[in-house]
Amino acid sequence: MTSRRGTSCRAKDVLGRFGEDLAARHLVASGVEILDRNWRCREGELDIVAREAGTLLFCEVKTRTGTRFGTPAEGVSERKVARVRLLAVRWLAAHPRLRGPVRFDLLAVSREATPGLPEAIRVEHRRGAF
Amino acid sequence: MALARALAVAVVGVQGHLVEVEAHLSGGLPGLALIGLPDAALAEARGRIRAAVLNSGQKWPDERITLGLFPATLPKSGSAFDLAMALAILAAAGVVPSPDPRRRVMLGELALDGRVRPVRGVLPAVLAAVDAGVSRVVVPARNAAEAALVPGAEVEPVPDLRSAIALLRGEYEPEPARAGTDEADRLAARPSTGPWRALHPPADGTDLDLADVAGQSRGRLAVEVAAAGGHHLFMQGPPGGGKTMLADRLPGLLPDLDLASAIEVTAVHSVAGVLPPDTPLVRRPPYRSPHHSATPGALVGAGTSVIRPGLACEAHRGVLFLDEAPEFVRPALDALRQPLESGVIEIARARMTTRFPARFLLVLAANPCPCAKAQARGARACECPSAVRRRYQARLSGPLLDRIDLQVELGAPSRAELRADAGSAESSAVVAERVAAARAAMATRLCGTPWRTNGEVPGPTLRRGWPLAPAVTGAADRAYETGSLTARGLDRVLRVAWTLADLRGLDRPGTSELGLALSLRIPGREA
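Chains as they are written, first to last, in our numbering: chain E, 1232 to 1361; chain B, 257 to 783.
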């Protein structure tokens, strides 16, 4: 079950948390300034809000182990896209002093576990994915 | 970010139009957007293409794919674009070298496992491609023989998407025209036999002999004249008189189609999807005899997004036989007036107008009354009131019968006629030879005109171009003056007389041919 503080013992939530940490580190490494993580409101939660050269980035992190059910990018549904857009509006309303061009990015994290090989983890940053 | 193009063909009616397929990969969220007036079947291509690519051992691009079909204004439909779309995507993804759209046209439907399935309308599509200067055509292996009919086409048959990929990489040499190698395709294409053999009779009537129609010498003559002169034929008479038998034997009297006509007919049959895969070129005149419940759409062609040719179009350069003609609904019969007049069927819908060639020989058969016992003797005699009979016959009157040169009354043969005729009836082979000679004579006389047979020549042209002496036309003129023959009827008699002369090897009709032509019509049934 999800606790109030956002930590969870469910496998998919653990994986999601793991992916978000990786994605955040990837962003920082590529010179992006993180403004907010796991920002919540009544409608849901934004994974990462960041800023890159004056542009506000609303980042969705999608993590998958293996591609048996499709690539991470394929896991982002129309509904999810719509929700992130709505949450972005809510976030901007809550932060009236932070303004600038807005972009929606996808961070696709894949963890491939092949028996006998070290785990291969990939983070792909798709700028302006939706 | 990548862009690649491939070329395909959209067939509207029997006309092919080159269509450019563009694939654009643009990062972002994976998905496939299809733009450029696709219909439902074409929109389903998304699923087919993706499965086929994955099952051919290739990766599906994890990006946003935009597929465009141009010109966007042309309504595109069906599954024949699958192959071009798949290869455009693979080229944009860098899997295969970008195909040069000016060099190759690609046609074919993809099965989920990557096989390339045959499609309709390959012949008109390849004709359009070669006409536009693109002589290389990649086609489904089962359509290879059909595509190869087009002069100047370099056919590259592919059995599956793997082979098509190899072909673009220059690693695959297509085996010329190997048809039906795939077991599943072969089974699917196999005509049903066994208990349903009766449903697939040989369509062209070559196994039927005119000599079988005993005691019906007038009927046999009428059919011979119809075949020779290309005259439309109307037969009226009681059931059992041999009307249907005669009509069934008419196609067997017609000469083989010349190459140009054969290509036309094959193109129509290809679009209609009735072409046999092993012997694609239709060499014999087609024969269609729809049941009288046929709708107008079934006869001339119908459809919403795609207009499919009807039976009248399938009978192009052949014979269309309407048995029990008065039982057809009036709109169905009237729909045939345009093709009888112009040889073309034009079907207009909101999105487009489609034209099909339909120059057929029309044969109508009718009973004299709805109870179908008229003129039968004794206990089987007809009991219909005369008003009912008149109304029944009037269903065929007017503009349709106007176009029919031969209108004959066929009585049931008596026992003596049956016996007397048994030995003397000529076989189809003998008659067909005479028909061929008559057609040759006609072609020589009509050389330099737009017509090929006497049945097509308009009356005024016939009277002015090849006038006959008054002594010859005397009987017909008298019939005209007494009112038993109308002006149109007079033209019909003249046309038939010329065909009789051609059949008899004369250079022009005499009194005997005129007299015979006068007898090949139903007195009092003039339009």
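One or more hints might be untrue.
Said to hold, decoys possible - Below, simulated DSSO-like cross-link-like pairs (lysine-lysine); rule was C-alpha separation at most 30 Å, straight line:
{"id": "1", "chain 1": "E", "residue 1": "K1243", "chain 2": "B", "residue 2": "K315"}
{"id": "2", "chain 1": "E", "residue 1": "K1311", "chain 2": "B", "residue 2": "K315"}
{"id": "3", "chain 1": "E", "residue 1": "K1243", "chain 2": "E", "residue 2": "K1311"}
What the hints assert, rightly or not - Derived DEER-like restraints, expressed as beta-carbon distance ranges:
{"id": "4", "chain 1": "E", "residue 1": "A1325", "chain 2": "B", "residue 2": "T329", "range": "46 to 56 Å"}
{"id": "5", "chain 1": "E", "residue 1": "T1298", "chain 2": "B", "residue 2": "T560", "range": "32 to 42 Å"}
{"id": "6", "chain 1": "B", "residue 1": "A422", "chain 2": "E", "residue 2": "G1331", "range": "32 to 42 Å"}
{"id": "7", "chain 1": "E", "residue 1": "P1332", "chain 2": "B", "residue 2": "F326", "range": "30 to 40 Å"}
{"id": "8", "chain 1": "B", "residue 1": "P587", "chain 2": "E", "residue 2": "T1298", "range": "27 to 37 Å"}
{"id": "9", "chain 1": "B", "residue 1": "A258", "chain 2": "E", "residue 2": "L1348", "range": "46 to 56 Å"}
{"id": "10", "chain 1": "B", "residue 1": "A258", "chain 2": "E", "residue 2": "I1265", "range": "25 to 35 Å"}
{"id": "11", "chain 1": "E", "residue 1": "T1298", "chain 2": "B", "residue 2": "F326", "range": "41 to 51 Å"}
{"id": "12", "chain 1": "B", "residue 1": "T329", "chain 2": "E", "residue 2": "E1350", "range": "34 to 44 Å"}
{"id": "13", "chain 1": "E", "residue 1": "A1325", "chain 2": "B", "residue 2": "R425", "range": "35 to 45 Å"}
{"id": "14", "chain 1": "E", "residue 1": "R1353", "chain 2": "B", "residue 2": "F326", "range": "53 to 63 Å"}
{"id": "15", "chain 1": "E", "residue 1": "L1348", "chain 2": "B", "residue 2": "R425", "range": "27 to 37 Å"}
{"id": "16", "chain 1": "E", "residue 1": "D1252", "chain 2": "B", "residue 2": "G389", "range": "54 to 64 Å"}
Said to hold, decoys possible - One side of the interface only, derived from the structure: several residues of chain E facing chain B at Cβ under 10 Å:
{"id": "17", "residue": "P1303"}
{"id": "18", "residue": "V1354"}
{"id": "19", "residue": "R1357"}
What the hints contain is simulated information worked out from the structure, not anything from laboratory work. Note that CB positions come from ideal geometry on N, CA and C, so glycine has one too.
Evaluated hints:
Restraint check: the Cα-Cα separation between E/K1243 and B/K315 comes to about 27 Å, which is no more than 30 Å; the hinted pair holds. Restraint check: the Cα-Cα separation between E/K1311 and B/K315 comes to about 25 Å, which is no more than 30 Å; the hinted pair holds. For the proposed pair E/K1243 and E/K1311, the alpha carbon gap of about 17 Å is at most 30 Å, so the pair holds. Our hint of 46 to 56 Å for E/A1325 and B/T329 holds, since their Cβ atoms are close to 48 Å apart.
Distance hint for E/T1298 and B/T560: a CB-CB separation of about 40 Å, consistent with the stated range 32 to 42 Å. For the pair B/A422 and E/G1331, the supplied restraint of 32 to 42 Å is violated, since their beta-carbon distance comes to about 51 Å. For the hinted restraint 30 to 40 Å between E/P1332 and B/F326, the CB-CB distance of approximately 33 Å keeps it satisfied. For B/P587 and E/T1298, the Cβ-Cβ distance of about 58 Å falls outside the hinted range of 27 to 37 Å, so the restraint is violated.
A C-beta distance of roughly 31 Å is found between B/A258 and E/L1348, which places it outside the suggested range of 46 to 56 Å. At about 32 Å, the beta-carbon gap between B/A258 and E/I1265 stays in the expected band of 25 to 35 Å. For E/T1298 paired with B/F326, a C-beta distance near 33 Å fails the hint of 41 to 51 Å. Range check, B/T329 to E/E1350: about 53 Å between beta-carbon atoms, so the 34 to 44 Å window is missed.
Distance hint check for E/A1325 and B/R425: the Cβ-Cβ separation is about 55 Å, which falls outside the suggested range of 35 to 45 Å. Range check, E/R1353 to B/F326: about 37 Å between beta-carbon atoms, so the 53 to 63 Å window is missed. Roughly 31 Å separates the CB atoms of E/L1348 and B/R425, a value that falls within the hinted 27 to 37 Å. A hinted range of 54 to 64 Å holds for the C-beta pair E/D1252 and B/G389, which are about 60 Å apart.
A distance limit of 10 Å between C-beta atoms decides the matter here; for E/P1303 the minimum to chain B is near 9 Å, and the interface restraint holds. Given hint, E/V1354 at the interface with chain B, is violated; its Cβ is 14 Å from that chain's nearest Cβ, farther than 10 Å. Satisfaction of the interface hint for E/R1357 is found here, the shortest Cβ-Cβ separation to chain B being roughly 6 Å, below the 10 Å cut-off.
Violated hints, in rising order: 6, 8, 9, 11, 12, 13, 14, 18; the structure is consistent with all others.
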